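Chemist: Construct the entire structure; sequences and hints are all you get.
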Amino acid sequence: METSADIQNRLRNLFKSQNLAVVATQTGGQPYASLVAFVGADDLRHIYFVTARTTRKFSNLTSDSRVAVLINSSINQESDFHDAIAITVTGNAEEIKDSERQPIIELYLAKHPYLEDFARSPSCALIRVTARSYYMVQNFQSVMEFHIDQ
0 METSADIQNR LRNLFKSQNL AVVATQTGGQ PYASLVAFVG ADDLRHIYFV
50 TARTTRKFSN LTSDSRVAVL INSSINQESD FHDAIAITVT GNAEEIKDSE
100 RQPIIELYLA KHPYLEDFAR SPSCALIRVT ARSYYMVQNF QSVMEFHIDQ
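Residues in the sequence shown are numbered consecutively from 0, following numbering that gives the first Met the number 0.
In case anyone wonders, no lab produced these hints; they're calculated from the structure. Keep in mind that a hint or two might mislead.
Said to hold, decoys possible - Below, simulated DSS-like cross-link-like pairs (lysine-lysine); rule was C-alpha separation at most 30 Å, straight line:
hint, residue 1, residue 2
1, Lys110, Lys96
2, Lys15, Lys96
3, Lys15, Lys110
Computed from a predicted model, the values in this text were never measured in an experiment.
Modeler: Right, here's the structure in full:
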C-alpha cells in the first residue's frame with residue numbers, strides 16, 4: 000500500500016515528466032476540454048498555465064472558477080493499460096496579476112522556454128489552479144485519492 004508521501008512523489012514526478020494537461024471548464028453545465036502547457040508547484044497546491052483571454056476556456060473559468068485538470072503519462076500504446084498513470088486534479092482557477100505574476104511566469108518558462116512570447120503577451124492570462132483533490136489512476140483501474148489541506 001502506497002503512503003501519502005509515495006503518492007505525493009508520484010504526482011511530483013508526473014508534473015516534471017509531462018508538458019501537457021487537459022483542462023476542463025464549463026459554461027451552463029456544458030463541459031469543455033482544452034489542451035494546455037502547464038507547470039505544477041512542488042508543494043502540489045497549484046498548477047499554472049497560460050491562455051489567451053479570447054479563448055472559450057478563459058471565458059468559462061472567469062464565469063465559473065471550478066475546473067478539473069487531467070495529466071497522464073500515456074504514450075498511446077497497449078502498454079498504457081498497465082503502465083500509464085493518470086491524475087485528475089479538481090480545484091478552482093483564477094488569473095494571477097501584478098506582482099504575483101513575474102515569479103510564476105519564470106517558473107512556467109523554466110519548463111516551457113519556447114512559449115516565452117506567448118506567456119509574456121499582454122493578451123494572455125496566467126492562470127493558477129488551486130488544487131483541492133487529486134485522483135490517481137494506475138493499472139487501468141486502481142484509484143487513489145490525495146486531498147490537499149487548505
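Chemist: Run the structure past the numbered hints and jot down the numbers of the failing ones, going up.
Modeler: No hint contradicted; all consistent.
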